[in-house]
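In case you want the letters, here they are:
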Amino acid sequence: MPEFKLDNHSVSFLEGQTIMQAALEAGLYIPHLCFHPEFKPHGSCRVCIVHTNGRYVSSCTTLAEQGAQVISEQAEVQRQRRNLLEMLFIEGNHVCPSCEKSGSCTLQSVAEYCGMLSPTLPFQFPQRKVDASHPDTLLDFNRCILCELCVRASREVDHKSVFAISGRGIQAHLVVDSADGRLVNSLFASTDRAASVCPVGVILPKHKGFVEPIGQRRFDLIPISRQQEKAD
Amino acid sequence: MEQAKAKIRIATTSLAGCFGCHMSILDIDEKIIDLVELVEFSRSPLTDFKHAENCDLGIIEGAVANAENVEVLREFRQNCKILVAIGACALNGGIPAMRNQFSLAECLQESYRDGMGLENALIPDDPELPMLLNKVHPVQDVVKIDYMLPGCPPSPEIIWELLTALIAGREPVFSEEQIRYD
Chain W
1 MPEFKLDNHS VSFLEGQTIM QAALEAGLYI PHLCFHPEFK PHGSCRVCIV HTNGRYVSSC
61 TTLAEQGAQV ISEQAEVQRQ RRNLLEMLFI EGNHVCPSCE KSGSCTLQSV AEYCGMLSPT
121 LPFQFPQRKV DASHPDTLLD FNRCILCELC VRASREVDHK SVFAISGRGI QAHLVVDSAD
181 GRLVNSLFAS TDRAASVCPV GVILPKHKGF VEPIGQRRFD LIPISRQQEK AD
Chain B
1001 MEQAKAKIRI ATTSLAGCFG CHMSILDIDE KIIDLVELVE FSRSPLTDFK HAENCDLGII
1061 EGAVANAENV EVLREFRQNC KILVAIGACA LNGGIPAMRN QFSLAECLQE SYRDGMGLEN
1121 ALIPDDPELP MLLNKVHPVQ DVVKIDYMLP GCPPSPEIIW ELLTALIAGR EPVFSEEQIR
1181 YD
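Respectively, the protein sequence lines represent chains W and B.
Quick note on numbering: this note's numbering labels position 159 of the first sequence as 159, and the sequence is numbered without any gaps.
In this note's numbering, each residue's number is its place in the second sequence (first place is 1) plus 1000.
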């Protein structure tokens, strides 16, 4: 079986596997946001960057190569990840103390893993609405990181394409496919895969915000780096 | 006989905050006895000094929401060799910055004129009251910050690591578990 080196670990892989897939199978953590093993890699958040063959690449979209040396747990790589994470934090309104996803939020946990103490870039405080129209699901667009996991889940698993990204650059934002843009008038159902795939606090089930107390949530108990990827 | 080492001089303040970070400082429990051997407090809610003067370390809790916050923050920067921002409000505006979704006029009208249960509704206009800023800002928007400590509030453990590191003149080291934004 072919092998590559991830930092000091030898990782064997199957032909056609990405660095990320092989690392996860070997139980090695590379921080990531838009990657999810259930879905086709997207390569947009760039948080899974690693250094290999003389350049930085996203490990979720780069095929593993026999004999390659891949650097992940290195100060410069972590610094670049923190820069990317900082931009995600300052471009939205991520008020962790008031967010019911806090403690089970992938963005939060990945940033903690990467050692981000605080964003140092100027906060944008964008004006964004919430959509509370649906009886069972809340959309809080303030926290969207444009990972497109809900877009992919709705399209590939639910076959509904309820969600899409509209606009470009700093204007890019999540939209809902319905006549008035509200979730209640879309094909969305709270049993959809798209309803449970959001890594941050955008798509939230109503009526059970604090059923799981703060301090006892998924990443409160075990940091993300020591958890095997699992279906949410 | 060796001369007693000069104590590290610390000032602390809460701007637009809830004093939760200060409560977390006090939550270091009996270690506070070790701490007072090493430090003395200048301006702080724990003392009654009105100004931070010649301090080695300044600790800022809370966001910048009014003109007085700006003045206090600048005084701290001028008078503290090292300035530390602690807690979500100081770092990113936190809960106070949630008003940035609305105009200042909307906030004042909702709180003091149109809100439920108000009698003799009147927007406060006493000239002694500091003017509110149009938007709430993280402290780093106003002055240079040397260290940032996240959390709402930061845990006593991460505060203790920061204080002991800075007093010992080394860089603080925080574990993945200690870094929390909530």
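Honestly, the hints are just simulated from the structure, not real lab data.
The model shown is predicted, which means the values in this text are computed figures rather than measured ones.
No residue lacks a Cβ here, since even glycine has one placed at the ideal position from N, Cα and C.
Careful, some of the hints might be misleading.
Taking beta-carbon pairs under 10 Å as the criterion, some of the chain B residues facing chain W (in silico) [unchecked claim]: (1) 1067; (2) 1074; (3) 1075.
Some chain W residues well away from chain B (every beta-carbon gap over 12 Å; in silico) [stated by the list, open to error]: (4) 89; (5) 109; (6) 120; (7) 127; (8) 129; (9) 160; (10) 165; (11) 191; (12) 220.
So the derived list for chain W, only partly shown, Cβ under 8 Å to chain B, looks like this [unchecked claim]: (13) 96; (14) 97; (15) 98; (16) 102; (17) 103; (18) 112; (19) 115; (20) 141; (21) 209; (22) 210; (23) 211.
So, going through the hints one by one against the coordinates:
1. A least Cβ separation of about 19 Å between residue 1067 of chain B and chain W goes past the 10 Å threshold, and the interface hint is therefore violated.
2. A hinted interface residue such as residue 1074 of chain B counts as satisfied when its beta carbon comes closer than 10 Å to some beta carbon of chain W; here the least separation is about 18 Å, so the hint is violated.
3. The interface hint given for residue 1075 of chain B is violated, since its Cβ lies 22 Å from the closest Cβ of chain W, which is over the 10 Å cut-off.
4. At roughly 7 Å, the least C-beta separation between residue 89 of chain W and chain B is not larger than 12 Å, which violates its mark as non-interface.
5. Listed as a non-interface residue, residue 109 of chain W fails to keep its Cβ farther than 12 Å from every Cβ of chain B; the least gap is roughly 9 Å.
6. Not every CB of chain B is more than 12 Å from the CB of residue 120 of chain W (nearest about 7 Å), against its label as outside the interface.
7. Non-interface status of residue 127 of chain W relative to chain B is broken: a Cβ of that chain comes within 12 Å, the nearest being about 6 Å off.
8. Not every CB of chain B lies more than 12 Å from the CB of residue 129 of chain W, the least distance being 9 Å, so the non-interface label is violated.
9. For residue 160 of chain W, the shortest C-beta to C-beta distance to chain B comes to about 30 Å, beyond the 12 Å cut-off, and the non-interface label holds.
10. Chain B leaves residue 165 of chain W outside its interface by the beta-carbon criterion, the shortest separation being 22 Å against a cut-off of 12 Å.
11. Every Cβ of chain B is farther than 12 Å from the Cβ of residue 191 of chain W; the closest lies at roughly 29 Å, confirming the non-interface assignment.
12. Consistency note on residue 220 of chain W: stated as away from chain B, yet its beta-carbon is not over 12 Å from all of that chain's, at 9 Å minimum.
13. Because the smallest distance between the Cβ of residue 96 of chain W and any Cβ of chain B comes to about 4 Å, under 8 Å, the interface hint for this residue holds.
14. Hint status for residue 97 of chain W relative to chain B: holds, with the closest Cβ pair at about 4 Å, below 8 Å.
15. Taking 8 Å as the C-beta cut-off, the interface hint given for residue 98 of chain W holds, the closest approach to chain B being about 6 Å.
16. At a threshold of 8 Å, the smallest CB-CB gap from residue 102 of chain W to chain B is about 4 Å, leaving the interface hint in force.
17. Below 8 Å, beta-carbon pairs count as interface contacts, and residue 103 of chain W has one with chain B at about 7 Å; its hint therefore holds.
18. Hint status for residue 112 of chain W: holds, given a least beta-carbon distance of 4 Å to chain B, under 8 Å.
19. Taking 8 Å as the C-beta contact cut-off toward chain B, the hint placing residue 115 of chain W at the interface holds, the least distance being around 7 Å.
20. Interface hint status for residue 141 of chain W: violated, as the beta-carbon distance to the closest one in chain B is roughly 12 Å, over 8 Å.
21. The closest approach between the C-beta of residue 209 of chain W and any C-beta of chain B is roughly 14 Å, which is over the 8 Å cut-off, so the hint fails.
22. Here the hint on residue 210 of chain W is broken, as its CB sits about 13 Å from the closest CB of chain B, past 8 Å.
23. A distance limit of 8 Å between C-beta atoms decides the matter here; for residue 211 of chain W the minimum to chain B is near 17 Å, and the interface restraint is violated.
In this structure, the earlier hints numbered 1, 2, 3, 4, 5, 6, 7, 8, 12, 20, 21, 22, 23 are contradicted, and the remaining ones agree with it.
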